[in-house]
Amino acid sequence: MNLAAQDIRHNVGRFALTAVGIGLLLMIVLGMSGIYRGMIDDALVVVDRIGADLWVVQRSTRGPFAEVSRVPANLEHRLRAVPGVASARTFVSHNVQREHEGRALRMNVHGLAWPEDNGAWVTLTAGRPLAQSHYELIADVSLGLNLGEKLVLGKDTYTVVGITKGMVASGGDGIAFFTTQDAQAVQFDLSGEAIRLERAARVQRAVGQDIGRVQPLLLERGGGLSSGIPALARPMVSAITVRVTEGTDPAAVAATIAAWPDVSVHTRDDQVQLLVYGMIDKARRQIGLFRVLLVIISTIIMALILYTLTLDKIHDIAMLKLMGARNSMIVGLILQQALLLGGLGFGIAWNLGGWIFPKFPRRVLITPEDLWGLAAVVVLISVLSSALGIWKALRVEPNKVLS
Amino acid sequence: MTNFPPANTPAIEVFNLTKIYGSGNTEVVAMKGVTLQVARGQVIALLGPSGAGKSTLLTAMGLINPPTSGRILIGGVPVLDGPLPLVSLRAFRRHHLGFVFQKANLIPFLNALQNVQVALEINDVPPRQARRRALELLDYLGVADRAVNLPDALSGGQQQRVAVARALANQPDLLLADEPTAALDSHRGRQVMELFRKVAHERGTGVIVVTHDQRSLDVFDWTYEMEDGVIHAGAKSHTSTRS
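Protein sequence lines correspond, in order, to chains A and B.
If you use the working numbering, the first sequence corresponds to residues 619 to 1021, in order.
If you use the working numbering, the second sequence corresponds to residues 0 to 242, in order.
Simulated from the structure, these hints should not be mistaken for laboratory data.
Since we're looking at a predicted model, the values are computed, not measured.
Among the hints, erroneous ones may be present.
To be verified - When the alpha-carbon atoms are kept at most 30 Å apart in a straight line, the in silico DSSO-like pairs for lysine-lysine are as follows:
id	chain 1	residue 1	chain 2	residue 2
1	A	Lys1018	B	Lys31
2	B	Lys235	B	Lys102
3	B	Lys102	A	Lys1010
4	B	Lys235	B	Lys31
5	A	Lys900	A	Lys1018
6	A	Lys1018	B	Lys235
7	A	Lys773	A	Lys783
8	A	Lys768	A	Lys977
9	B	Lys235	B	Lys197
Claimed, not checked - Derived CB-CB ranges, DEER-like:
id	chain 1	residue 1	chain 2	residue 2	range
10	A	Arg1013	B	Asp123	21 to 31 Å
11	B	Asp123	A	Phe978	50 to 60 Å
12	B	Asp123	A	Ile919	45 to 55 Å
13	A	Leu998	B	Gln36	35 to 45 Å
Unchecked claim - Facing chain A, from chain B, some residues (calculated, C-beta under 7 Å):
id	residue
14	Ile19
15	Phe98
16	Gln101
17	Asn104
18	Phe108
19	Val117
20	Ile121
21	Asp123
22	Val124
23	Arg202
24	His211
Yeah, the Cβ is synthetic: ideal placement off N, Cα and C, and Gly gets one too.
Bound conformation, chain B alone (with noise of 0.2 Å):
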């Protein structure tokens, strides 16, 4: 269906990030001196207590939450320097980024065919193609039955594997989610989990996954802890197996 880049190629590279909130005694260090690399097809977990900059960081890859300092390059290309953006954050993000969130976050008044679609038409993929495609990834995910329901209809396991369609629909080099199976009980979080890593195995997507859930490491590649907005060295995953 799609080329995908070399499995090698780096999704994501991240040098020296640092986040400072606030300024003399309200200065508060959310991240310090993060540096994290992540390739195409891999699939790592974030982990860490609340407060530990986890979501910090996420939210500084995903171009939304620009670092106080530190180099952020997102399949080779430079596109943030500090807080200076080098790219057009907005279409990089449509281009290169995909989202899913602890809240599947679909738009209500689009059914969940729609809620693909819409990922589609924005970044200009005609509608009927828009259609198709997202047909094709509601397949993929398991929930083409459920294509004409709205979100409301949906369950929350479905609602998020509608998300990660969305997400994914602009073949993105970068998948980020944030606590996506704080809503779900273990069976379905683990289904999500699991789905994260046939997404990044089978079609060269970096995945990112921040998440407390500690029963489903072992679908993962490395997982990095953070403490106290540092990141500590990352571990392989002995169960994890490319497929």
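One chain only, chain A, in its complex shape (with noise of 0.2 Å):
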């Protein structure tokens, strides 16, 4: 005869709403472990995706992920020139927040480099690729757009062009792919005014010095366009991505690259450690301690719990001592319980998890190995926690049941 179970059907209701608070505790633990992975995984889906040996990034930099970096936009032809480069690339990347339909719209805007990239490794939902160098987008489906849909940046219009799905930065926010021109002319928009405010501050400047003097000519090309004035470079780009060549050790085109003086070059690795050790890892830690406080919670609640539902028993089980029951009839009545609750809160953590996690905001990734460690760190809690009544239990003396 399993008392435990005869325990159980007798208190049914008590149990079942005491698993439903471990489950939902659980459900909490299991779900920062989600929020953690998810982190993880949004954080290297541009690194993955993308699929670079190497990124070139300004000197003494460690990229875009982690800070800052400018780079020249012509680069990229300077890498390609280096033996064992298959490919180079410009990479842009850079959060913006605008109002779109009156809501608030916050996205990572990410440069492809039209022509050669036009989005077609981007896994779509619906749509098509960038088919032309402007005025296009493919925007994750987090963003709330829809195929079809005009989306005003700056002075420009952009039509909605293709769907994703996970497409999400580190950050959270879904990113829009736009070609590397449209994604500065988004980052570095200016209104009319600052443009002609700029322009008569380069005219000022000429004017102050002797060449603005003898070169009138000068003074006519500073309140122009931009674009027209050799000394100014064209607008920076956050890194290039370079691919090597089949068969090419990618730390010796790194080497290579390294040796310039005006660039650092890291590997995917690198990336990947620096997303996951540098800029998600207060985050991580943080989860990690809410973790560990959840869980500790957890514990200490089961053991209240079993310890007042063995405190409950305390008479039957001097009871059961009186007619001779071994101690370890009595552990396995306790022990069997706190298993059972942790079994049965994991099983409602699980399920109540997988139907409410897709509904938060960012994504919860649970993975197999999370589950197992959780089912671990329930049996371990359970048994933890069922240690104050089974000490309670054993120390019940048989002339108990005289009181």
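Mind assembling these two chains? They're in different frames, but the hints should get you there.
Right, here's the structure in full:
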């Protein structure tokens, strides 16, 4: 006869409610783990999908995922000349928050090196890749944009031609893919007045110098388009991504590029490490601490509940001892209930989480490793939490029956 | 059904039992020099006012409250020498003793049958066999029809019958009952007392009953009086007969 099962049958309502409570706590533990996994997965999605072997960034910086990095766009031509380089593409990525149809639209603007890259590598759920050099974008479904929808950014209007799913940046914002030129246009968009003021400032700077006075044409150029002034560089990009030819050791190519005094080079693994242990490290540790706290809280709550359940049965346990019941029977009664409580809680956490987590604003990614890990934690906390009840039960004297 | 030991074998022998609680100024002598022998198949009553030491003697004989000094033998086996156990007390209780109290103390989440069955399973009887024997015992005690009822659904008398069945489950040498009829009306109290006599005489179990109930003394083979921790010579009942 299983005493634990009989007791549970007798107190099924209370036991079920307790299991639900434990299940909700464990669901939060599982959710925390899922949020962390989701953050890592989101952070790595661009690095993984772009598939670059090397990232060439501003000298002494660690690249666009860690800090501001500015390199000239024409660096890509220099890189293509390096032996072993198969392709080099500009990489532009920045966040913008704009108003769209009365709501705040926050997105990660990602530049594709058109025409070599039209976004064909992006997995689309609807629509098509970019088909022209300007005014088109591919948007992640999380941005809430529909196929064919028009989006005004700066002075230009862009049309959504493709929809992706699961393409979000490390901050959780959905990614919008533009051509690099459009991405830069969005990034460096200035109002007409700001442009006029900048032109006037250029003219004033030229007037104040000898060369402006001896070369009047400079004043005329200074008050015109920026692109008409050779001294002004084209807008910078965040990085250049490099793919090496098949059979080439990326480290060898990296060593060549690293010798250049104006740039730094990082491998794909460097970027992954940077994202996981650099950018989201604090969030990772914070979530980790929350998980530890929640596990401790779950253990304490389970221990209190099991202790209370044991106290309720203390007279019966004394009676069992009086009848000569072995300690193993008493321990089994409490431990089985603890494990069942933990098991039910785990099942509730899993099922309820599977229903609720997809509705969260950020991705909650539950991996089999995390599930097994939580299962092991549940077994551990079940055993630990039953310890107090077991201790109490084993200390009860049979003559307690007489009181 | 069972091979019972010879009726003339002592179920329990206690020699010079003394129990002292506290020490110095707070010392209380609850039991003093008690010597008693109960044969198998005998049913005896322990009488006396509150605080006389009846329950102290009973719990000492039940191996749940060892005496300060004295010796206890159960079924001829020395089990306690003063407070020192000579055997594993819990295992010994499991095999040789049965208890009935004022309250039935049935386990509330087990039905009547399971309450008896669990006593057998504690003694390593396989579940199927334990169930069959538990049902036989409930039938013997006249409560088989309430086998599947939880204790809450049983009357006080029925609960006590189930408690007696549980106490008898492992065919103990000795059944100890502490005020078993205190919570019952006189009619049901009498029924329970007669049940003890039946158990003692039919199954060869030694039965010791602590009671205040003077109306049922005729069911006992012997009655003993306790006062101030001292037991007085037993009196043989004139109406009790071995069946």
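The hints, checked one at a time:
A hinted pair counts as satisfied when its Cα atoms are at most 30 Å apart, and lysine 1018 (chain A) with lysine 31 (chain B) qualifies at roughly 24 Å. A C-alpha spacing of about 28 Å is found between lysine 235 (chain B) and lysine 102 (chain B), which places the hinted pair at or below 30 Å, so the restraint holds. In summary, the hint linking lysine 102 (chain B) to lysine 1010 (chain A) is supported, as the alpha carbons are separated by about 23 Å, within the 30 Å threshold. At most 30 Å may separate the alpha-carbon atoms for a hinted pair to count; lysine 235 (chain B) and lysine 31 (chain B) meet this at roughly 23 Å.
Annotation: proposed proximity of lysine 900 (chain A) to lysine 1018 (chain A) is violated, straight-line Cα distance about 54 Å (limit 30 Å). Restraint check for lysine 1018 (chain A) and lysine 235 (chain B): not satisfied, since their Cα atoms lie roughly 34 Å apart, outside the 30 Å limit. A hinted pair counts as satisfied when its Cα atoms are at most 30 Å apart, and lysine 773 (chain A) with lysine 783 (chain A) qualifies at roughly 28 Å. Annotation: proposed proximity of lysine 768 (chain A) to lysine 977 (chain A) holds, straight-line Cα distance about 27 Å (limit 30 Å).
The straight-line distance between the Cα atoms of lysine 235 (chain B) and lysine 197 (chain B) is roughly 17 Å, inside the 30 Å bound, and the hint therefore holds. For the pair arginine 1013 (chain A) and aspartate 123 (chain B), the supplied restraint of 21 to 31 Å holds, since their beta-carbon distance comes to about 25 Å. For the pair aspartate 123 (chain B) and phenylalanine 978 (chain A), the supplied restraint of 50 to 60 Å holds, since their beta-carbon distance comes to about 54 Å. For aspartate 123 (chain B) paired with isoleucine 919 (chain A), a C-beta distance near 37 Å fails the hint of 45 to 55 Å.
A C-beta distance of roughly 55 Å is found between leucine 998 (chain A) and glutamine 36 (chain B), which places it outside the suggested range of 35 to 45 Å. For isoleucine 19 (chain B), the shortest C-beta to C-beta distance to chain A is roughly 17 Å, which exceeds 7 Å, and the interface hint is violated. Among the interface hints, the one on phenylalanine 98 (chain B) holds; its C-beta lies about 6 Å from the nearest C-beta in chain A, closer than the 7 Å criterion. Among the interface hints, the one on glutamine 101 (chain B) is violated; its C-beta lies about 9 Å from the nearest C-beta in chain A, farther than the 7 Å criterion.
For asparagine 104 (chain B), the suggested interface contact is upheld, since its CB lies about 5 Å from the closest CB of chain A, less than 7 Å. Restraint check, phenylalanine 108 (chain B) versus chain A: the minimum CB separation of about 3 Å is within 7 Å; hint holds. Because the smallest distance between the Cβ of valine 117 (chain B) and any Cβ of chain A comes to about 6 Å, under 7 Å, the interface hint for this residue holds. Nearest Cβ of chain A to the Cβ of isoleucine 121 (chain B): about 5 Å, under the 7 Å cut. The hint holds.
Residue-level restraint check for aspartate 123 (chain B) is violated (minimum Cβ-Cβ distance to chain A is 10 Å; threshold 7 Å). The restraint placing valine 124 (chain B) at the interface with chain A is violated, with a minimum CB-CB distance near 11 Å, outside the 7 Å limit. For arginine 202 (chain B), the interface hint is violated, the least distance from its beta-carbon to any beta-carbon of chain A being 18 Å, above 7 Å. With a cut of 7 Å, the hint placing histidine 211 (chain B) at the interface with chain A is violated, because the nearest CB-to-CB distance is about 16 Å.
Hint violations for this structure: numbers 5, 6, 12, 13, 14, 16, 21, 22, 23, 24, all remaining hints satisfied.
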